[in-house]
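Trainee: Chains as they are written, first to last, in our numbering: chain X, 24 to 297; chain R, 312 to 625.
Incorrect hints may appear among the rest.
Unchecked claim - Derived CB-CB ranges, DEER-like:
id, chain 1, residue 1, chain 2, residue 2, range
1, R, Met-542, X, Pro-287, 35 to 41 Å
2, R, Val-599, X, Pro-287, 55 to 61 Å
3, X, Pro-221, R, Asp-509, 42 to 48 Å
4, R, Thr-602, X, Gly-101, 25 to 31 Å
5, X, Ser-295, R, Ser-513, 36 to 42 Å
6, R, Ala-608, X, Ser-224, 44 to 50 Å
7, X, Asn-43, R, Thr-602, 25 to 31 Å
8, R, Ala-521, X, Asp-265, 50 to 56 Å
9, R, Ser-417, X, Ala-284, 30 to 36 Å
10, R, Leu-370, X, His-217, 48 to 54 Å
These are calculated hints, taken from the structure and not from any lab test.
Positions of the beta carbon are idealized from the N, C-alpha and C atoms, including for glycine.
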Amino acid sequence: MNAFRIVAAGDSAVLVELENRIDPVVNETAIALATAIRAAVLPGVRDVVPTYRSVAIHFDPLRTDYDGLVARVNAWMGEGPPYPQGTRPPYGDPSPVPYGDPPPVPYGDPPPVPYGDPSPVQYGNPSPVQYGDPSLVRVPVCYAGEFGPDLAEVAAFGAVSEAEAVRLHTSRLYRVFMLGFMPGFAYMGIVDAHIAAPRLSTPRVRVPAGSVGIAGEQTGIYSVSTPGGWRIIGRTPLKPFDLSRREPALFKPGDAVQFYAIDPGEYARLESAR
Amino acid sequence: MASLRVISPGMLTTIQDHGRWGWQDRGVPVAGPMDPRAHRVANTLVGNEIDAATLELTLLGPEMEFDDERIAAVAGADFEVAVDGRAMPVNVPFAVGAGSVLRFGSRRRGARAYLAIAGGIAVPPVLNSRATHLPSAMGGLEGRPLRAGDRLPLGKRGRTPFFPTKGYDPFLSAPNGHATARILPGPQLDRFAPEALDVLQSGPFVVDAASNRMGFRLRGPVLRHAGDGEMLSDATTLGALQVPPAGQPILLMADRQTTGGYPSLATVISADIGLAGQLAPGDSISFVVSTVREAMAALIAQEQALMAFESGPR
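Start from the sequences and build out the full structure, keeping to the hints where you can.
Mentor: Quick look at the structure:
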């Protein structure tokens with residue numbers, strides 16, 4: 024049994040809230056629930072968004088059986104995380120046993136069409152690309168000079184050298200807890216306490232795409248050039264979001280990420296090769 | 312391919328369709344029209360599918376030249392519209408000849424109008440949508456507002472346009488400087504002081520100049536949190552009233568980020584989103600707590616009226 028509650032977010036979304044903390048096990052439950060809801064392809068559901076510790080289900084209120092949706096969530100959460108076949112949690116749960124298909128909870132009545140013929144409106148469904156198994160993504164980062172304008176301050180935060188700060192950032196396997204903010208932006212953690220510097224008090228007007236930042240115990244990569252307040256310690260030549268890929272997002276929730284340091288020459292080579 | 316040439320772009324004119332749904336879990340914002348009803352009505356008037364791409368124009372409209380004869384219609388905010396200097400009605404389809412110039416004049420009420428053209432604006436879809444998301448520069452025309460000199464491709468002319476036999480239903484008329492929006496409490500109601508919901512309803516709130524398609528920054532009575540006003544980043548929804556630590560709410564609109572770190576006190580009901588979308592900086596908005604039953608009844612009534620309109624004589 025997982026601790027959770029279902030909270031309405033207006034008339035066209037619900038939040039399934041889990042325990043309020045940054046925790047791989049809690050997050051894995053959120054991802055598994057989101058994956059199961061997406062796989063069920065429920066009429067009217069437009070978007071399913073797993074976060075650190077919740078799942079947001081966005082739906083068209085005129086075409087969704089709300090009670091049936093809530094009943095499904097309750098059933099899944101009551102019976103344990105509904106991992107789809109072939110996937111397994113990378114963290115937290117050591118069991119190698121696949122969980123099988125989501126339990127066959129009847130979805131209840133067809134969605135209520137209030138009058139006349141169904142309207143031809145199609146407001147979209149969650150993208151057909153499913154998450155699949157978590158992968159390990161290795162990310163080259165140039166921590167030098169102009170690419171990491173806040174590296175010195177982050178090092179000073181933990182009273183360590185810049186080289187040690189880079190070592191600390193690259194010596195952990197981070198978990199992708201969620202994507203949000205901008206297309207392909209991954210919220211990762213958990214950052215070593217020595218370099219877990221808080222956000223800038225005044226955000227920068229423009230942070231270049233590819234910038235690698237730290238915000239407390241979170242780390243992430245800016246996917247587009249935007250204003251931003253995370254402390255920038257380096258830059259990657261990889262594109263976290265690229266529309267020319269079948270799956271544009273480089274990361275997916277649940278992935279493991281390892282950063283490794285490259286020099287400016289290697290950065291230039293990788294950037295021109297992409 | 313038939314096209315439109317932008318002579319002057321207006322203040323902020325973007326290509327919008329029903330929005331880029333289905334990718335929020337990858338951090339891709341939805342975008343789409345600020346007034347979804349008006350976008351839909353404009354399309355209906357010219358015989359388009361109701362999710363064809365239209366132009367959303369803001370406060371000051373564009374001037375554009377057609378290189379093909381097309382039916383066009385304007386819905387939403389009430390603007391003066393002229394073709395080659397001849398005044399045209401809003402909420403009624405009209406023909407624009409090849410080589411003619413469509414020009415928007417002064418604004419009478421509302422903030423955003425939708426110009427639909429038979430065949431729709433046929434820019435290539437990005438992740439199944441032509442909607443422009445300005446902060447991430449995605450969709451529409453290079454993810455940006457229109458500029459002078461742009462050429463917009465038009466799709467094939469489809470069905471016969473719809474000539475309404477009676478005046479347009481007043482429920483869709485744009486607000487004139489003030490709107491009252493119904494809200495549902497939450498989703499983070501428990502992160503606010505007990506009186507916060509009453510304070511929110513005591514408004515009105517003024518739409519600040521620093522507002523845009525992502526959200527309206529509102530100035531009014533201060534909403535107090537129960538704690539420090541920070542939370543773990545969570546998903547956001549259209550219409551949420553997010554409250555940063557200073558206590559002045561931000562009404563999240565079409566270009567909202569998919570996730571955010573400030574708690575939301577209440578959420579505007581779907582039926583009233585379009586009304587809010589017609590507000591301009593300096594306008595005001597009041598909030599009144601509603602129920603899910605009332606929210607659904609209002610949405611169904613609106614849908615019935617739209618469908619009755621759409622199934623009218625052609």
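Trainee: Give a verdict on every hint.
Mentor: Hint-by-hint comparison with the structure:
At roughly 39 Å, the beta carbons of Met-542(R) and Pro-287(X) sit within the given window of 35 to 41 Å. The given range of 55 to 61 Å is respected by Val-599(R) and Pro-287(X), whose C-beta atoms sit roughly 58 Å from each other. A hinted range of 42 to 48 Å for the beta carbons of Pro-221(X) and Asp-509(R) is inconsistent with their spacing of about 34 Å. Take Thr-602(R) and Gly-101(X): their Cβ atoms lie about 28 Å apart, and the range 25 to 31 Å holds.
The hinted range of 36 to 42 Å is not satisfied by Ser-295(X) and Ser-513(R), whose Cβ atoms lie roughly 59 Å apart. Here the CB-CB span from Ala-608(R) to Ser-224(X) is close to 47 Å, well matched to the stated 44 to 50 Å. For Asn-43(X) and Thr-602(R), the hinted distance range of 25 to 31 Å is satisfied, since their beta carbons lie about 27 Å from each other. The hinted range of 50 to 56 Å is not satisfied by Ala-521(R) and Asp-265(X), whose Cβ atoms lie roughly 32 Å apart.
The hinted range of 30 to 36 Å is not satisfied by Ser-417(R) and Ala-284(X), whose Cβ atoms lie roughly 59 Å apart. For Leu-370(R) paired with His-217(X), a C-beta distance near 50 Å keeps the hint of 48 to 54 Å intact.
Violated hints for the displayed structure, listed by number in ascending order: 3, 5, 8 and 9.
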